[in-house]
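Chemist: Protein chains in written order, with this note's numbering: chain H, 1 to 247; chain A, 248 to 323.
Quick caveat, the hints were computed from the structure, so don't treat them as lab data. Among the hints, a few may not be true.
Derived DSSO-like pairs: lysine-lysine, alpha-carbon spacing no greater than 30 angstroms straight-line [to be verified]:
#: 1; chain 1: H; residue 1: Lys215; chain 2: H; residue 2: Lys245
#: 2; chain 1: H; residue 1: Lys241; chain 2: H; residue 2: Lys215
#: 3; chain 1: H; residue 1: Lys124; chain 2: H; residue 2: Lys195
#: 4; chain 1: H; residue 1: Lys18; chain 2: A; residue 2: Lys315
#: 5; chain 1: A; residue 1: Lys315; chain 2: H; residue 2: Lys118
#: 6; chain 1: H; residue 1: Lys215; chain 2: H; residue 2: Lys124
#: 7; chain 1: H; residue 1: Lys195; chain 2: A; residue 2: Lys315
#: 8; chain 1: H; residue 1: Lys124; chain 2: A; residue 2: Lys315
#: 9; chain 1: H; residue 1: Lys215; chain 2: A; residue 2: Lys315
A short list of chain H residues far from chain A (calculated; beta carbon distances all over 10 angstroms) [claimed, not checked]:
#: 10; residue: Ile15
#: 11; residue: Gly21
#: 12; residue: Gln33
#: 13; residue: Val49
#: 14; residue: His50
#: 15; residue: Thr56
#: 16; residue: Ser57
#: 17; residue: Gln134
#: 18; residue: Val232
#: 19; residue: Leu244
What the simulated footprint calls covered on chain A by chain H, stretch by stretch (three residues with Cβ under 8 angstroms from a Cβ of chain H suffice, anywhere in the stretch; the number is not a length) [as the list claims (entries may be wrong)]:
#: 20; region: 281-289
#: 21; region: 293-306
Idealized CB from N, CA, C, for every residue including glycine.
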Amino acid sequence: MNLEYLICIDDTDDIGTKGTGEIAEELAQMLLQQWGGHASLVSRHQLFVHPDIPYTSHNSAMCFRYQSPLAQLADIVALASEMLVAESAPAADPGLAVVAAPSWQQQQALIAFGLQAKRQVLTKSQAYDLAAAQQIHLSEHGGTGQGVIGAIAGLGLFLQGSDGRIKGQFNLGQSSPTAVVMTVAEIIATTGLDKVIDTAGGEIGANARIHLSGKVKAVRYQHANALLVVAVDGEFHNAGKSVLKGY
Amino acid sequence: MMQISAVYRKYATNTCVIDEEDYSLSRQLALECGLFAQDDEDEQTDPTLLSCFNCRYRRWLTIGFECKVSRPLTVR
Numbered sequence: 001m002n003l004e005y006l007i008c009i010d011d012t013d014d015i016g017t018k019g020t021g022e023i024a025e026e027l028a029q030m031l032l033q034q035w036g037g038h039a040s041l042v043s044r045h046q047l048f049v050h051p052d053i054p055y056t057s058h059n060s061a062m063c064f065r066y067q068s069p070l071a072q073l074a075d076i077v078a079l080a081s082e083m084l085v086a087e088s089a090p091a092a093d094p095g096l097a098v099v100a101a102p103s104w105q106q107q108q109a110l111i112a113f114g115l116q117a118k119r120q121v122l123t124k125s126q127a128y129d130l131a132a133a134q135q136i137h138l139s140e141h142g143g144t145g146q147g148v149i150g151a152i153a154g155l156g157l158f159l160q161g162s163d164g165r166i167k168g169q170f171n172l173g174q175s176s177p178t179a180v181v182m183t184v185a186e187i188i189a190t191t192g193l194d195k196v197i198d199t200a201g202g203e204i205g206a207n208a209r210i211h212l213s214g215k216v217k218a219v220r221y222q223h224a225n226a227l228l229v230v231a232v233d234g235e236f237h238n239a240g241k242s243v244l245k246g247y
Numbered sequence: 248m249m250q251i252s253a254v255y256r257k258y259a260t261n262t263c264v265i266d267e268e269d270y271s272l273s274r275q276l277a278l279e280c281g282l283f284a285q286d287d288e289d290e291q292t293d294p295t296l297l298s299c300f301n302c303r304y305r306r307w308l309t310i311g312f313e314c315k316v317s318r319p320l321t322v323r
């Protein structure tokens, strides 16, 4: 039986250093190498931007789901901690949060904290209080450790299901400005995404044709990874960066 | 839209805040800056690469972003 974990890291980078998303992807790969199983795509969750928050440039946390028949929570924490110490920028304040198969109660508490972290300044003590109350692993790995706030908030935003965008992009043979056209069914089969949605959240049918150009990126929507499209003159096109920025 | 000359003056004191939707100005500024360095692809929000929106030296604020480059812009 697979054990399921959510893992989130925050505040590992500095200007010009390896990004937090890249470190999260590398951590997922290391977990797979060590214990097998399956890792989801990494999702990026935007947190509150405020002068009192010491973020580098955008204040986002990176989260992924890991399922393994072998790895225990302590194994994951040990590997992730070692990696954060090795890979984080010297000026960073890295935080790590891990929860194993969260109960409904844990999920609700995490979601509430995550949504709060999108609109107000929270403190480390609030983050640690939540972790202690809900028995969630939370640890800091350098600097001020402020990253624990975003790390535990990121768990909640992942669990909320409709927050954030997927790190990276999908190469479907498109280029810019030349578009390729694929059906929704073909896109899902090729990318492993769950669905295609418009900006109102409506699911696009399997036979609909989507014009793909430039960078093809996905978002989290209703607990799924979804390609976001916009309707232009009766045609569906993959959403551009300026639209994706809102996710 | 803020005029580029006014932005240059503000940049010299590192207090410039660019409006969130001001893509054309940001592209012009990045073109003339000489210090543009692209941020992670996941953090870029302007479809035109050469833009302050996509630069690793911009820092998001509540009302837009600021430039973290400590030197003033290179003006043509």
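Chemist: Check the non-interface label on H/Gln33: least C-beta distance to chain A beyond 10 angstroms or not.
Modeler: H/Gln33 is indeed farther than 10 angstroms from all Cβ atoms of chain A, at 23 angstroms.
Chemist: If we take the beta carbon of H/Val232, is the closest beta carbon in chain A still more than 10 angstroms away?
Modeler: holds (14 angstroms)
Chemist: Quick check for students: does the CB of H/Ser57 sit more than 10 angstroms from each CB in chain A?
Modeler: The assertion about H/Ser57 is violated, with a minimum of 5 angstroms to chain A.
Chemist: Is H/Lys124 within 30 angstroms of H/Lys195, Cα to Cα?
Modeler: Not satisfied, since the Cα-Cα distance of roughly 37 angstroms exceeds 30 angstroms.
Chemist: Taking the closest pair, is the beta carbon of H/Ile15 still more than 10 angstroms from chain A?
Modeler: violated (6 angstroms)
Chemist: For the pair supplied as a hint, H/Lys18 and A/Lys315, confirm whether the alpha-carbon distance does not exceed 30 angstroms.
Modeler: Answer holds: H/Lys18 to A/Lys315 is near 18 angstroms, not above 30 angstroms.
Chemist: Do the alpha carbons of H/Lys124 and A/Lys315 lie within 30 angstroms of each other, as the hint requires?
Modeler: holds (26 angstroms)
Chemist: Just checking, H/Leu244 versus chain A, shortest CB gap more than 10 angstroms?
Modeler: Check fails; 8 angstroms does not lie beyond 10 angstroms.
Chemist: Verify the proposed pairing of A/Lys315 with H/Lys118, using a straight-line Cα cut of 30 angstroms.
Modeler: holds (23 angstroms)
Chemist: Does H/Thr56 really sit off the interface, with its C-beta more than 10 angstroms from all C-beta atoms of chain A?
Modeler: violated (8 angstroms)
Chemist: Confirm or reject the coverage of the region 293-306 of chain A by chain H under the rule of 3 or more residues with a beta carbon closer than 8 angstroms to the chain's beta carbons.
Modeler: holds (count 6)
Chemist: Please check whether the beta-carbon of H/Gln134 is more than 10 angstroms away from every beta-carbon in chain A.
Modeler: holds (29 angstroms)
The structure fails hints 3, 6, 7, 10, 11, 13, 14, 15, 16, 19 (numbered hints given earlier, in ascending order).
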